[in-house]
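Colleague: Spelled out from the first residue to the last, the chains are:
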Amino acid sequence: MNCRVCGARAEGEFCEMHAESCENLQRNYEAWKKSMGLSWADYLREIQKNIYAGIWVKEVAQCLLSSNPPKEGNSPVEASNI
Amino acid sequence: MLILCEKPDAAMRISRALDEKGKPQKKRSDAVPYYEAYRNGKRLLVVSALGHLYTVAPKIISREVFPVFDFAWVPKYEAERDAKGIKDWIDAISRLSKDAQHYVLATDYDVEGATIGYTIIKYACGDKENETKRMKFSTLTTEELEESYSGLLDHIEFPTVEAGICRHFLDAMYGINLSRAMTVAAKHSSGRYTTISTGRVQGPTLSFLATREKEINSFVPIPYWTIKAKAEIKGSIYDIEYERETIDTRSEADAVVEACREKKGKVTDIEVKQFHQNPPVPFDLGALQTEAYSLFKYTPRRTGDMAERLYLDALISYPRTSSQKLPPSINYEAILKALSREPKYQRLAAELFKLGKLAPNEGKRDDPAHPAIYPTGNLPERALGGPEGKLWDLIVKRFMATFGEPAVKQSVKVTISVDGHRFYLRGRQVLKEGWMVFYKPYVQVDEVLLPLLEKGEEVEIKEVTQLDEFTKPPPRYNPSSLLKKMEDEGIGTKATRADTIETLYNRGYISEERITVSDLGFDVTNILNKYCPEVVSVSFTRELEEKMERIQDGNEKKENVLESAVNRLRPVLEELKQHEETVGQELSEALRKARMQELVVGNCPVCGTGKLTIIHSRRTGKRFVGCTNFFKGTCKASSPLPQKGTVKPTRKNCSVCGWPTIQFKMQGARLWILCVNPSCPSKEKKNK
Chain A
57 MNCRVCGARA
67 EGEFCEMHAE
77 SCENLQRNYE
87 AWKKSMGLSW
97 ADYLREIQKN
107 IYAGIWVKEV
117 AQCLLSSNPP
127 KEGNSPVEAS
137 NI
Chain B
19 MLILCEKPDA
29 AMRISRALDE
39 KGKPQKKRSD
49 AVPYYEAYRN
59 GKRLLVVSAL
69 GHLYTVAPKI
79 ISREVFPVFD
89 FAWVPKYEAE
99 RDAKGIKDWI
109 DAISRLSKDA
119 QHYVLATDYD
129 VEGATIGYTI
139 IKYACGDKEN
149 ETKRMKFSTL
159 TTEELEESYS
169 GLLDHIEFPT
179 VEAGICRHFL
189 DAMYGINLSR
199 AMTVAAKHSS
209 GRYTTISTGR
219 VQGPTLSFLA
229 TREKEINSFV
239 PIPYWTIKAK
249 AEIKGSIYDI
259 EYERETIDTR
269 SEADAVVEAC
279 REKKGKVTDI
289 EVKQFHQNPP
299 VPFDLGALQT
309 EAYSLFKYTP
319 RRTGDMAERL
329 YLDALISYPR
339 TSSQKLPPSI
349 NYEAILKALS
359 REPKYQRLAA
369 ELFKLGKLAP
379 NEGKRDDPAH
389 PAIYPTGNLP
399 ERALGGPEGK
409 LWDLIVKRFM
419 ATFGEPAVKQ
429 SVKVTISVDG
439 HRFYLRGRQV
449 LKEGWMVFYK
459 PYVQVDEVLL
469 PLLEKGEEVE
479 IKEVTQLDEF
489 TKPPPRYNPS
499 SLLKKMEDEG
509 IGTKATRADT
519 IETLYNRGYI
529 SEERITVSDL
539 GFDVTNILNK
549 YCPEVVSVSF
559 TRELEEKMER
569 IQDGNEKKEN
579 VLESAVNRLR
589 PVLEELKQHE
599 ETVGQELSEA
609 LRKARMQELV
619 VGNCPVCGTG
629 KLTIIHSRRT
639 GKRFVGCTNF
649 FKGTCKASSP
659 LPQKGTVKPT
669 RKNCSVCGWP
679 TIQFKMQGAR
689 LWILCVNPSC
699 PSKEKKNK
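Just so you know, the protein sequences line up as chains A and B, in that order. Here the numbering used here is used: the first residue of the first sequence is 57, the next is one more, and so on. Here the numbering used here is used: the first residue of the second sequence is 19, the next is one more, and so on.
Hints are computed from structural coordinates only; laboratory data are not their basis. Wrong hints could be hidden among the right ones.
[As the list claims (entries may be wrong)] In silico contact screen, one side only, chain B against chain A (beta carbon under 8 Å); selected entries:
1. 234
2. 236
3. 239
4. 240
5. 267
6. 491
7. 606
8. 625
The beta-carbon is built from N, C-alpha and C at its ideal position, and this holds for glycine as well.
Pulled out of the complex, with its shape left as it was, chain A reads as follows (with noise of 0.2 Å):
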């Protein structure tokens, strides 16, 4: 199986790194929810724009975001499982 982002061999849909980058999108959520009240798209968004965000955590938003943007309101996990 290959990285849905960088190609490289992977376990799962990503390879180490980004499947890491994306581990830490879900687990930090939940803060940006609770004090800014984003969906997860606006989230991915966001994080797309921010200029503190790593790269590999940027291209695995990316990815979230056009492979099949997720709804309003989608839960990370049901995003990144699309």
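Assemble the complex: chain A is given as a structure, and chain B must be docked to it using the hints.
Modeller: Quick look at chain B alone, frame taken from chain A:
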């Protein structure tokens, strides 16, 4: 008598110091210079090496064979292509040694110096190591060299030599075998030969960097808010801090701003603290490299090289030291008196003498071979260049500052209550400069003076705002903080750390000042982590360093350490051989990406997500710059390139339009920096 030094400048200084008239005769044996000096009726031949003249090499030369565990010392010119000139030096030393009846080693008094000297005395002079005496010194001043010569040590420091030999064998064994394993795997997979190197210290160092890079690349920032406010006090405006450094939600931050806006505050508490700040401790090499980087942005390697130069000019003591101590035997008073001949140090030296007894504020670390870095008191015989002059001044002033009195500082914290919310107004002031007088301009004084305030006094809150903030990823290492990390983790030595970092840059594993790990660097680390985690583990490297220290102290045998290293390396290499095909594929892919990366000019300003890359058209054979997103059909940004000459990415953006720039050079012509944006306003100006 043959006196062997480490570098030509040291030979010149030593011969000048030991010659009765101070005028040794410079002679040549073929092209190699040496000095003839006379002292107490004895003829002294002072000759230098050029650093290491011998190196450890595997007996099996073919670069495709591994594992190899049979190593030996060989003349450097036999093992390294660019060391042909070394043969003349070895031959000259051999010739000069034939007439000698006594041998003296006067190389640097540390592991490398002892090893350099030992191998030359053993192999070029014909096994004279047991009859060789030793000069021990920490500065190249005439007085210290004379003293060292009159108190020659009976023999060279054999345990130190053993530790040095062990280090060279271990480095060669690990470096050559692991590098060959990876290079061979990549070659078998791709058919192209590219050297992929790693080593005993290189591996863990790259691993620190890769770990940090991963943390940065997979970092998700979390929003938080801060409150900033300004208060008007006796006609002046001051910044005040909110009691909570961070607020988790926007609504909470809004509530604080709303509650405090256009309100009056009342001073509820004033806390004044005075404290003493001791002088800094003397420089060891690591601290000098860190300070020079922070003040002047000199890389650790550059600082090390310049300090070496200052040492060879007899301006400072031996810089490769871990000591933070200045023993009284160096004669503080004489050094300060000598330095006061320089007008800019005259007043400072006089101030120190006024303090009475001179006692430096020493640090904990000690080095049995050398004291901390200090100025010798000699003044430059040649005009020092800008950077060298700055470094010398820094060393002189740090030396002086260590004798200064503690500085006395005062901090004030005023608590202002606004409608139940607390804000703090902070002031700081230097009450007595103490040592800081001697360390200017290298010490920053950042004072905030507050007006006289009393409890119960009212202040007007002029502005309250909330700032949107985000948590930040850990900072990237720079050459100085990486060196500090290596030092803290106990890997490498003070003499080799800066070189290890330089090697990582040269191999293309890392780039830029705020260090970024390349894909190749990542892949090499991943492969080592996967198939031989021990090689990149800090604990293993530190364990070997500790064993080598024990050899130096005479508590461990070199042979035991080498044997255990072979036993641990053998299965690692077998594992790599077993997975050669996979390792080769992964490395080939990494090399291919690295070659692609070399063609990347910069981020695409049109689509914002692609990379502008130098592309060669298969159809026309012409080169141009295009966006990587072109192949996805999402960006058509492209730009023509000159078809002749060489083009290279500069990794810098155009100051006019922000697009990436390239470096363009035609043979025999000057270098051009060109913006790749075909519509860059700078080009329009030129066209007009």
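Colleague: For a quick check of understanding: which of the numbered hints are violated here, in increasing order?
Modeller: Structure breaks hints 7, 8.
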